[in-house]
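Chains as they are written, first to last, in my numbering: chain E, 1 to 434; chain R, 1 to 309.
The hints are simulated quantities; they were obtained by calculation from the structure and are not laboratory data.
Here the structure is a predicted model, which means the values were calculated and not measured.
One should not assume that every hint holds.
If we take Cβ atoms under 7 Å as the criterion, some of the chain R residues that face chain E in the derived model are [as the list claims (entries may be wrong)]:
(1) Gly85
(2) Ser87
(3) Lys89
(4) Ala109
(5) Ala112
(6) His114
(7) Arg115
(8) Gly130
(9) Thr131
(10) Pro189
(11) Pro193
(12) Val194
(13) Val196
(14) Ser198
Residues from chain R that face chain E, not an exhaustive set, calculated with beta carbons under 8 Å [as the list claims (entries may be wrong)]:
(15) Arg44
(16) His107
(17) Arg167
Even for Gly, the Cβ is constructed at its ideal location relative to N, Cα and C.
As a plain string of letters, each chain reads:
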Amino acid sequence: MTTYLIKNARPYGEDAVDLVLRDGDIASIGENLTAPGAEVVDGTGLVLLPGLVDLHTHLREPGREDAETVESGSRAAALGGFTAVHAMANTDPVADTAGVVEQVWRLGQEAGLVDVVPVGAVTVGLAGAQLAELGAMADSAARVRVFSDDGHCVADPALMRRALEYVKALDGVVAQHAEEPRLTVGAQMHEGDRSARLGLTGWPAAAEEAIIARDVLLAQHVGARLHVCHVSTAGSVELLRWAKSRGVQVTAEVTPHHLLLTDECAEGYDPVFKVNPPLRTDVDVAAVRLGLADGTIDAVATDHAPHAVEDKECEWAMARPGMLGLEQALSVVVTTMMSPDGPGPGRLDWRAVADRMSVRPAAIGRLAGHGRPIAAGEPANLVLVDPAHRGTVDPAALASRSRNSPYAGRELPGRVVATFLRGTPTVLDGKAVK
Amino acid sequence: MRRHLLEAADLDLGDATLVLDTAAQIDAALAGREVKKLPTLRGRTVVNLFYEDSTRTRISFELAAKRLSADVINFSAKGSSVSKGESLKDTAQTLEAMGSDAIVIRHGASGAPHRLAQWVRGSVVNAGDGTHEHPTQALLDAYTIRRRLGRLDGVRVVLVGDVLHSRVARSNVGLLHTLGADVTVVAPPTLLPVGVGSWPVTVSYDLDTVLPKADVVMMLRVQGERMNASFFPSAREYSRRYGLDARRMALLPDDTIVMHPGPMNRGMEIAAEVADSVRSTIVEQVGNGVSVRMAVLYLLLGGAPEGSS
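Just chain E, with the same shape it has in the complex (with noise of 0.2 Å):
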């Protein structure tokens, strides 16, 4: 195995040090370093985080491996930075058995890019019926700790309970997908003024915040963990810092999207947009990016949702919600978290950015080797970001199979420069290495 080793690299944006990768692990920091017959990789000017985790990617294998691959969507990931993503279970089939996630998973190990943890579906089929043998999931080779229908509701409030109760033993976490669907029947953006004068069926706040309200009290009434996917209302937030002011183990995300766009964007009637739980408001957006400084809001993660062309180039109506992520997930994160001219209280400095996107939806999803510390002995699950670059996204450009970025044109900052999975570049150059 080859020795790295990194010069002048800022962990968490302070003083420059130098790195040695070993065996897998960080062997050693410190200053003016040397290891006979490493690779040497200049770290000059960049700032070095843990590997970053994603809760929430939609790798869409089996089943639709044209929007996407367990090895595509881990090369976009790992060129996002990210050492380990949760693969969602809405597949074809769904990954509700042992056999689906071993499989998922196994083509992860087998793509070799990122970490690739499946979730399990908390009922069979995603049909909020009947539970899906969820202890088998978490005993399999994938060890499932994430459960969650994600894509549809558990709308069934006796079923939510029973879900969030049997996992306890499991050390499992339900990872909700808040949305009450009889409130939601037909809807396709957020509703206010401008679904009102676009004439498209509105998808209510009301509609996420009355499930999660629902949820973080069943959670506490039967002492289970919690987790909120995709927060995108100020309602929402506020529901959360109240549970938590209350000691509700929950936990909440919140994607790239919700922290950078609005409802604004469905205007022109570009699919692109449509997305689930929809864009919200200018208010909302902000409620999100302090939610997530104050650490309401626990995690960034990306919903990363890939879709053939086909299944975008149409009617809005009949276009498939959902968007891509991984690869400007964190550039989205400095350019609406880390601006200079952003509002003071939602500012995130280089050490919030790793704990929000690495170390705690490492320990929501209890992955053992990421969202470590930067410490000799460590894993070497790591990122090297160049936080000056500044570059247009191009969708052609992407390492996914899809194209539906909605940042398509669009001028961010932050660039990926290298990343490392145990002691072994996924990334070198801006560039996957396989």
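Since the structure of chain E is already known, use the hints to place chain R on it.
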């Protein structure tokens, strides 16, 4: 004029007035003529691309194009383009490859004409998209009001009914506002969109109080099926609270006109004695629709010199 007519917002006061004036000129030119045909669009091809059934709007556009001597192709694609197998984009490009100069589109999905306009070089006319807009309906309504009342500026228009699902309402609100009219929408709160507060209208839940001050009452079609989704308890209750019957008609000032875009649910939103009264412009609206659509096609395809916009 712009290249397309997708929504009321595409028309500023000058454009909208130009359409109405052009329709008036066309009416005048054709009045009393035995052959109701102008040679303006000879050699041009207009495609009626209808994804929803709509006999009256399709016939109106067909007649408008034919009276301008354009070649007309009617392409009826029931259901969605996706369920049919061919995408809207492929269909549009196929039609254009055959030489269409303008596509008149009726579609169940809001925004479909906007998508289409990005994929074709020719003009796109929105003939009704989902619950979004139906701009030529608003133009013919404005034309009808102006003919009857002689003006639009300051005219008090009351729009009654299922505003939430109505593309006619959205286009009329936008266009009438541009033309200086004073619009009030009346409906049960369930049939008003969340966000109606941002519209340039007055909102009321009580029809009886607004009728005595109306110059125009525009009744919208209400589908009885809406009661199944609890938008209102029953057709009877809807009719009692929001229907225009003889008693309510008596509350109107003498010159007030009653409009309906059709097709009507007689006995639901409008009583037969109102629909058939002298106040009713319903039949006139249909005739004006042809003139206004002629004006739109003329201005988009033949009216303005090359290069102007």
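Evaluated hints:
1. With a least beta-carbon distance of about 11 Å to chain E, the hint placing R/Gly85 at the interface is violated under the 7 Å criterion.
2. Annotation: interface hint on R/Ser87 holds; nearest CB of chain E at approximately 6 Å, less than 7 Å.
3. A cut of 7 Å between beta carbons decides the hint on R/Lys89: the least distance to chain E is about 6 Å, and the hint holds.
4. Annotation: R/Ala109 was flagged as interfacial toward chain E, and the flag holds, the nearest CB pair being 4 Å apart, inside 7 Å.
5. Because the beta carbon of R/Ala112 sits about 5 Å from the nearest beta carbon in chain E, less than 7 Å, this interface hint is met.
6. Given hint, R/His114 at the interface with chain E, holds; its Cβ is 5 Å from that chain's nearest Cβ, closer than 7 Å.
7. Of the supplied interface hints, the one on R/Arg115 holds, with its beta-carbon coming within about 6 Å of a beta-carbon of chain E, less than 7 Å.
8. The restraint placing R/Gly130 at the interface with chain E holds, with a minimum CB-CB distance near 5 Å, inside the 7 Å limit.
9. Of the supplied interface hints, the one on R/Thr131 holds, with its beta-carbon coming within about 4 Å of a beta-carbon of chain E, less than 7 Å.
10. Evaluation of the R/Pro189 hint against chain E yields a violated restraint, the C-beta minimum of about 13 Å exceeding 7 Å.
11. The interface hint given for R/Pro193 is met, as the beta carbon of that residue sits about 4 Å from the closest beta carbon of chain E, less than 7 Å.
12. Satisfaction of the interface hint for R/Val194 is found here, the shortest Cβ-Cβ separation to chain E being roughly 5 Å, below the 7 Å cut-off.
13. Using the Cβ-Cβ criterion of 7 Å, the hint placing R/Val196 at the interface with chain E is satisfied: the shortest such distance is roughly 6 Å.
14. Hint status for R/Ser198 relative to chain E: holds, with the closest Cβ pair at about 4 Å, below 7 Å.
15. Nearest Cβ of chain E to the Cβ of R/Arg44: about 27 Å, over the 8 Å cut. The hint is violated.
16. Using the Cβ-Cβ criterion of 8 Å, the hint placing R/His107 at the interface with chain E is satisfied: the shortest such distance is roughly 7 Å.
17. Restraint check, R/Arg167 versus chain E: the minimum CB separation of about 6 Å is within 8 Å; hint holds.
In this structure, the hints that do not hold are numbers 1, 10, 15, in rising order.
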